[in-house]
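These protein sequences, in sequence, are chains A and B. Heads up: the first sequence at position 668 corresponds to 766 in the numbering used here, and the numbers run straight through without jumps. Heads up: the second sequence at position 453 corresponds to 551 in the numbering used here, and the numbers run straight through without jumps.
Hints may contain errors.
[What the hints assert, rightly or not] List of simulated lysine-lysine pairs, DSS-like, C-alpha gap at most 30 Å:
#1 A:292 to A:275
#2 A:528 to A:190
#3 A:528 to A:956
#4 B:528 to B:454
#5 B:528 to B:477
#6 B:935 to A:956
#7 B:686 to B:705
#8 B:425 to A:935
#9 B:686 to B:528
#10 B:299 to B:275
#11 B:194 to B:299
#12 A:935 to B:705
#13 B:528 to A:765
#14 B:425 to B:190
#15 A:528 to B:807
[Stated by the list, open to error] Listed next, with one range per pair, are the computed distances between beta-carbon atoms:
#16 A:623 to B:749: 39 to 47 Å
#17 A:181 to B:849: 38 to 46 Å
#18 A:755 to B:737: 36 to 44 Å
#19 A:740 to B:749: 14 to 22 Å
#20 A:740 to B:531: 51 to 59 Å
#21 A:963 to B:737: 37 to 45 Å
#22 A:905 to B:737: 17 to 25 Å
Please keep in mind that the hints were generated in silico from the structure rather than gathered at the bench. This structure is a prediction, so every number in the text was calculated from the model and none was measured. C-beta atoms are modelled at their ideal positions from N, C-alpha and C, and glycine is treated no differently.
There are 2 protein chains.
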Amino acid sequence: MTQAHEAAADQIGERAMTKYVYDFEEGSREMRNLLGGKGSGLAEMTRQLGSDVVPAGFVVTTEACVEYMRAGDEPPELEGEVTAALARLETKIGRKFGDPADPLLLSVRSGARESMPGMMDTVLNLGLTDESVLGLAGVTGNERFAWDSYRRFVQMFSNVVHGVPTERLEGEIARIKRERGVALDTELDVAALKELTAAFKAHFRTLTGEDFPQDPGMQLHQAMLAVFGSWGGARAIAYRRINQIPDDWGTAVNVQQMVFGNRGAHSCSGVAFSRDEVTGAPTPSGDFLINAQGEDVVSGVRNTSELSELAEVMPESYERLVEIMRKLERIYGDMQDTEFTIEEGRLYMLQTRNAKRPAQAAVRFAVDAVAEGLLDKAKAILTIDAAKLDALLHPTFDRNAKFEVLARGVAASPGAAKGTIVLSAPAAQKAAEAGEAVILVRPFTEAEDVAGFFAARGILTSEGGKASHAALVARGMGRPCVCGASALRIDLDEGTITVNGTVLRAGDQIAINGSTGEITTDDVTLVRPEIDENFQTVLGWADELRTLGVRANADVPADARRAHEFGAEGIGLCRTEHMFMAEDRQPKMRGMIMADTVEERRAWLEKLLPLQQADFEGLFEAMEGQKVAIRLLDPPLHEFLPSELELLEELRQVANTHPERMDGIHKELARVRQLSETNPMLGTRGCRLGILHPEIYETQVRAIMRAVKAVGKRTGKAPHCEVMIPLVGFTGELRRSRELVLATAASEGMEHGRDYVIGTMIELPRACAIADTLAKDVEFFSFGTNDLTQTTLGFSRDDIEGAIIPQYITDRIVTVSPFETIDTVGVGMLVRMAVEKGRAGNPSIELGICGEHGGDPKSIAFFNEVGLDYVSCSPFRVPIARVAAAQAAAQQAPSA
Amino acid sequence: MTQAHEAAADQIGERAMTKYVYDFEEGSREMRNLLGGKGSGLAEMTRQLGSDVVPAGFVVTTEACVEYMRAGDEPPELEGEVTAALARLETKIGRKFGDPADPLLLSVRSGARESMPGMMDTVLNLGLTDESVLGLAGVTGNERFAWDSYRRFVQMFSNVVHGVPTERLEGEIARIKRERGVALDTELDVAALKELTAAFKAHFRTLTGEDFPQDPGMQLHQAMLAVFGSWGGARAIAYRRINQIPDDWGTAVNVQQMVFGNRGAHSCSGVAFSRDEVTGAPTPSGDFLINAQGEDVVSGVRNTSELSELAEVMPESYERLVEIMRKLERIYGDMQDTEFTIEEGRLYMLQTRNAKRPAQAAVRFAVDAVAEGLLDKAKAILTIDAAKLDALLHPTFDRNAKFEVLARGVAASPGAAKGTIVLSAPAAQKAAEAGEAVILVRPFTEAEDVAGFFAARGILTSEGGKASHAALVARGMGRPCVCGASALRIDLDEGTITVNGTVLRAGDQIAINGSTGEITTDDVTLVRPEIDENFQTVLGWADELRTLGVRANADVPADARRAHEFGAEGIGLCRTEHMFMAEDRQPKMRGMIMADTVEERRAWLEKLLPLQQADFEGLFEAMEGQKVAIRLLDPPLHEFLPSELELLEELRQVANTHPERMDGIHKELARVRQLSETNPMLGTRGCRLGILHPEIYETQVRAIMRAVKAVGKRTGKAPHCEVMIPLVGFTGELRRSRELVLATAASEGMEHGRDYVIGTMIELPRACAIADTLAKDVEFFSFGTNDLTQTTLGFSRDDIEGAIIPQYITDRIVTVSPFETIDTVGVGMLVRMAVEKGRAGNPSIELGICGEHGGDPKSIAFFNEVGLDYVSCSPFRVPIARVAAAQAAAQQAPSA
């Protein structure tokens with residue numbers, strides 16, 4: 099991301115004469131980057147389904163937006179191109195834009211490469227004026243429709259183009275409904291709609307100081323610039339930040355002839371998925387509203403009908419819709435998410451895109467698509483967002499748990515979550531920063547709540563369905579979500595949630611199950627799920643397709659067993675220090691560090707040896723002969739001692755009560771001070787420790803070798819043991835450490851090459867520079883990309899992640915934390931260099947990576963590309979890594 | 099060093115059939131690497147002066163030694179080659195090795211590429227046995243000479259080949275002299291010498307369990323292997339470590355016909371320099387001893403005569419010696435350090451090498467050599483060891499100081515030093531580690547004291563002259579040294595130094611002046627000297643020859659003025675934080691950091707602004723229009739606050755006395771904790787600080803710009819101002835910082851490009867990787883090789899330099915601290931990459947380096963090679979850098 103971003107930044111605005119406007123007929127789905135997702139979808143549908151299904155229109159390109167942002171003004175050619183496109187549109191339709199008698203009305207919608215909820219979305223019915231609303235009433239013979247359309251236009255234009263607050267506008271609607279004593283918008287009559295329109299215009303005037311524009315050309319121009327401007331809005335930026343979308347993509351503007359779902363009982367607007375958007379089951383799903391425009395459906399304000407009901411009320415249109423969606427699935431090779439409108443019995447398609455879906459549905463679709471012959475395995479696996487598979491391994495309610503269901507809602511995004519209630523996005527963010535698990539509870543959500551989604555474990559709303567903003571965003575992020583739990587009465591002013599007489603408040607415990615819609619205040623146990631059959635199928639394909647090995651990082655036998663179950667092909671990193679941290683071992687470890695002489699240190703180490711040996715035996719047994727890479731002690735010794743402050747405090751406490759203990763504490767204090775480091779990350783750790791205190795590494799190697807022998811003898815299957823030397827920067831460090839391993843192992847009767855191999859971590863820039871020389875002395879490299887990132891970027895993770903990275907993301911200096919996705923520019927360059935040099939120095943060397951990047955799909959794609967042999971990640975990310983590795987292989991392979 | 103070392107390590111021992119033995123006639127001075135310094139010198143002298151001046155002999159090559167070390171045994175071909183060479187030698191001389199009647203005697207001497215005092219040096223008179231000593235007595239008619247030679251041989255062979263301790267052997271000599279009532283060795287008669295020989299042999303038997311070998315062939319073989327073995331001895335390793343000599347060079351063995359300086363009053367041995375070895379004045383100097391062998395001269399045990407006296411006692415030989423040395427100077431193009439023996443009136447040359455000499459002498463020689471037409475300027479400047487020029491800028495006694503001279507000795511190595519007395523090398527090392535300035539005081543010094551030289555500020559001995567071990571090593575290291583201060587009675591057992599009734603002890607203050615030989619216990623002021631005329635001449639040539647610019651790192655006007663005087667061509671680094679550390683500014687800086695709001699912070703910054711501005715004005719004025727690079731604030735803010743422990747202590751103290759102050763301290767404590775970092779080196783510092791708190795950089799830029807204006811106005815000469823942004827790793831960091839500089843400067847009416855330029859530090863591996871992109875946004879790069887070394891090697895200087903680097907040097911993992919001389923393999927690779935990318939991105943970019951490596955001659959050679967435009971170093975190293983830069987240019991230029 100960063101790479102492309104930085105490279106591209108200088109090229110923008112350096113091209114010659116550009117075409118900024120494309121009619122739908124001129125585009126295709128391949129032109130997504132130029133026309134945006136929505137525009138390219140409309141173009142493709144126009145080509146494939148014909149212009150009788152897709153209302154005519156044109157797209158103003160993303161490049162026009164980029165140029166607008168760069169120059170601070172629209173490109174000079176743009177106005178002429180738009181005018182010409184509009185003229186062509188008028189000719190096609192046979193109506194004039196701005197014709198007071200029979201106006202051509204337009205929808206203006208934004209559309210970036212990727213759908214972005216944070217951006218200005220839609221203005222409908224554009225072109226209506228005080229005069230042409232009368233013409234529309236006349237020509238349609240439907241005065242209520244005309245005024246409903248006009249009030250909607252004035253409302254949307256005021257809000258999204260000029261920022262008149264939603265609350266004021268919705269407040270007017272609520273007031274009029276209250277005054278007229280009606281419950282639904284559809285019950286408002288012409289007079290009410292006229293009053294409403296006038297009220298909206300008054301708000302417009304108050305806020306802008308101008309009258310509502312009566313020139314359709316000006317309306318279009320303002321709307322277009324507003325779409326451009328919304329790309330740079332705070333919410334869009336926040337969304338891009340979370341979703342790692344570059345700032346320089348820009349958005350397109352889609353201008354399209356209006357069709358009307360609000361022309362009465364035979365009209366409707368809806369969203370439809372080609373398959374169930376939650377489960378992936380091959381049944382179309384979605385929501386629609388009779389006599390409504392699209393905004394009513396997605397806003398979640400009115401409760402929608404299930405798509406299945408459309409089969410009953412408009413069976414022909416329903417069949418047609420299903421048939422179109424099947425066709426679109428074949429065209430796109432993916433599950434589709436569409437928008438449609440039925441105007442007086444006639445079906446129009448307004449959008450199609452690959453459906454965002456939870457992991458469960460993604461996996462199901464992939465399996466079904468192969469079974470149906472829609473896709474081959476490689477293409478099918480590429481439809482899955484590997485990063486989201488996490489959700490399938492995330493907790494659900496324990497099947498055997500007994501709990502009282504407080505209420506039920508729509509199961510909108512699968513997985514379960516529990517935490518304390520927060521009632522606003524900022525509160526969620528604050529609590530998350532404090533490390534609290536929270537559930538964000540809202541009546542409904544809007545774009546400005548997105549950051550709160552990110553911070554929360556789960557989302558619960560009282561309004562809206564599966565297509566509501568809350569549901570869409572939660573699924574996009576892999577957060578559990580229950581929507582439309584209408585039993586909840588949420589009073590944000592009072593800060594209360596009332597459910598059948600129970601009153602909950604912020605800070606109370608709550609749990610939701612986004613797979614079932616259940617809500618409870620009981621402290622229900624969450625469990626990690628088994629891998630289901632579909633997921634197993636996909637993982638099986640992944641293993642066929644991928645060339646990259648997948649191992650796990652595991653320090654204790656329990657983790658190793660879990661990793662083995664999840665399909666890890668070995669352990670890529672066992673951190674031996676975690677064994678020393680165990681409570682029963684800490685005193686021995688402290689004794690070792692406090693030792694005054696090498697002899698005394700050896701005596702303590704002798705006590706630790708059998709404990710380590712037992713740990714290693716457990717690991718070897720769990721992995722049943724697979725490779726197990728054990729890293730010799732890495733952290734600085736002071737990590738095992740209490741801090742200076744703690745000891746000073748202890749000293750103060752015992753001064754009066756146990757003066758006899760003061761000597762010991764003083765001694766420990768002196769050692770702590772002696773060992774304390776200014777920058778421990780760059781201090782006496784890794785192989786430096788082993789060179790300073792060879793007896794420590796010697797003991798560890800002895801424990802490893804004895805464990806290898808014991809397990810081989812006990813199980814009859816020799817473990818595959820890899821001894822790994824950390825933090826090497828000089829050939830001399832490696833050679834000295836290697837000699838110690840060889841000598842110690844030999845003294846235990848173990849033979850290098852037969853009983854074990856030796857490798858080194860590559861985690862310093864200098865190690866990358868001398869990788870050719872290092873490679874000659876080892877059987878494998880394991881890239882420690884956490885530390886390599888810290889040194890290459892000069893970023894101490896502990897100090898930078900909280901303070902600097904978020905600021906840098908806000909300031910667009912980075913698009914994602916380099917500790918999450920590998921920095922391909924800096925760190926990646928060094929990895930690439932080390933791979934080339936390493937193979938040059940030792941063609942048979944095995945190359946792996948055991949940093950946290952090993953479980954990140956984007957990083958895995960990079961590791962696959964540079965030609966590593968395996969990645970190693972936490973046990974729970976092993977399935978994700980298997981799929982990501984397969985995707986990387988599928989993407990690199992020449993397409994079939 | 100490290101680079102060559104690592105690359106070479108794998109190639110050793112992979113060559114085909116090798117010739118291991120060369121007669122002197124077969125060699126030349128070009129074969130130094132193969133034959134060693136001594137061997138190639140003997141070969142060259144044989145070719146140039148004829149075999150009547152150089153006793154015949156042969157050299158066993160350094161490759162034989164390397165092979166011996168590698169295989170643990172001598173190469174199989176070696177024995178045959180030695181036998182053949184010996185046979186040729188016998189033929190030439192007409193005597194047989196081991197002939198009991200008229201034995202051919204040999205000297206066996208080690209000789210690496212570079213002279214190494216730490217190694218086994220010499221065995222003389224080899225070939226004598228109980229039988230042939232009688233033959234020698236017969237054939238020379240000089241029984242005393244024969245027995246003196248034999249006792250010397252037994253003594254040396256026992257000591258250097260078999261490790262019989264010097265004390266025991268010298269103890270026997272002392273006993274016999276005491277018993278016989280004589281003062282000098284030369285006064286011992288034949289009976290005494292026979293008794294001494296027998297006593298030595300008894301010690302030999304006690305220690306080795308064997309009789310002293312009576313087979314000359316075995317004597318030669320054992321001596322040869324002992325030379326090989328001494329290369330791997332602890333003292334040789336220590337010496338190599340200090341002098342950065344690779345371990346894999348090996349040593350040659352020189353086997354040469356004996357000539358005898360101990361054949362009576364017309365014989366002598368001596369060392370002679372072609373010019374004064376202390377001052378460089380064009381008068382030959384040296385020491386000699388009548389009726390002695392070479393070892394007597396260099397051991398410093400007997401007080402020698404000045405070479406000038408030789409002109410009186412043996413005028414012909416003296417003239418011949420002077421003539422030969424002149425010839426050798428022409429051959430080698432350098433001042434020579436020779437060994438000679440006069441045997442019964444006939445002069446033999448036994449060694450020649452370029453003279454190690456103090457900076458003063460080196461500079462004088464270079465100037466004279468050009469005046470004499472011996473060398474051109476480029477060649478002359480290359481004869482200077484730039485690193486040692488430091489001594490010329492090191493302290494001397496203040497000319498106006500009044501002090502009482504305690505005693506006088508030989509002015510053996512120039513410069514003055516003061517410190518507390520230590521009486522052993524280990525004590526010197528220990529004190530130095532504790533940061534204490536010490537003077538090492540010894541009766542005389544030996545090879546095992548070398549590490550103590552390194553640790554001490556100066557060396558004082560009561561015995562020996564200018565050619566003594568102490569004098570040689572001190573000059574080699576650039577340490578002030580006074581030798582042979584015979585008024586000092588040093589009792590090591592008592593730990594006292596008695597001088598005319600005054601008793602000094604370890605820990606007492608002492609000062610020595612190695613340029614005058616003065617010793618005092620007064621606290622005399624040391625002053626830095628002026629640059630003398632010769633040095634000025636050399637610096638003038640340096641400026642003609644060099645292409646690399648030389649700037650200085652200076653934070654305050656006084657340093658800037660000093661830098662300007664020393665010839666700096668600008669300031670390459672002004673660290674603005676040092677200005678904030680000044681006592682009057684700390685409260686303001688603290689206030690700024692403690693500020694709760696940006697407004698409050700700005701208010702404090704406003705107070706700091708005029709102070710910084712005044713500092714900058716001082717710098718600009720001192721540099722008179724030369725370039726001044728000012729780095730914006732770099733260190734983390736917590737460096738300006740007290741530590742948590744200090745505040746806790748303060749809290750405890752005020753709790754009862756000033757409870758009203760507790761709130762303030764608590765607040766400060768909270769801020770300290772908030773700002774505290776695990777690895778501050780990799781934390782919130784550099785441009786990260788400026789991005790988090792733009793108001794800080796803004797204030798600094800404002801102060802800089804106002805200073806530029808003020809000085810321009812006041813002096814009529816516009817400063818050349820360079821604003822430098824530290825710790826950049828991302829293009830976004832640079833752009834954001836740059837924009838802040840541009841905007842702030844513009845608001846002060848200053849124009850980028852006209853009034854100032856902008857650059858960035860390159861001090862992170864990632865910055866090197868994106869140097870092409872970074873280069874587009876700046877006018878200059880300044881490599882911060884301190885930080886780049888820390889990140890590339892993962893070495894926190896604070897934590898590693900004390901604990902790890904010394905161990906690594908001992909373990910031969912590195913040959914020198916990478917903070918002293920740049921690590922060309924890792925850090926150098928990144929610098930090279932950044933230079934290439936930087937120039938590719940911006941061909942007109944200016945490239946400099948401002949780390950401490952900027953004052954290190956070896957590093958300067960590297961920077962010259964990679965094509966930097968300038969180096970910047972501390973003001974006192976500017977003259978060194980000018981010379982080193984000239985040398986680098988001279989070495990790179992095609993030879994004339």
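Hints versus structure:
| no. | hint | result |
| --- | --- | --- |
| 1 | A:292 to A:275 | holds (13 Å) |
| 2 | A:528 to A:190 | violated (54 Å) |
| 3 | A:528 to A:956 | holds (29 Å) |
| 4 | B:528 to B:454 | holds (28 Å) |
| 5 | B:528 to B:477 | violated (41 Å) |
| 6 | B:935 to A:956 | holds (27 Å) |
| 7 | B:686 to B:705 | holds (7 Å) |
| 8 | B:425 to A:935 | violated (51 Å) |
| 9 | B:686 to B:528 | violated (40 Å) |
| 10 | B:299 to B:275 | holds (18 Å) |
| 11 | B:194 to B:299 | holds (25 Å) |
| 12 | A:935 to B:705 | violated (55 Å) |
| 13 | B:528 to A:765 | holds (22 Å) |
| 14 | B:425 to B:190 | holds (26 Å) |
| 15 | A:528 to B:807 | violated (47 Å) |
| 16 | A:623 to B:749: 39 to 47 Å | holds (45 Å) |
| 17 | A:181 to B:849: 38 to 46 Å | holds (43 Å) |
| 18 | A:755 to B:737: 36 to 44 Å | holds (38 Å) |
| 19 | A:740 to B:749: 14 to 22 Å | holds (21 Å) |
| 20 | A:740 to B:531: 51 to 59 Å | violated (27 Å) |
| 21 | A:963 to B:737: 37 to 45 Å | holds (42 Å) |
| 22 | A:905 to B:737: 17 to 25 Å | holds (20 Å) |
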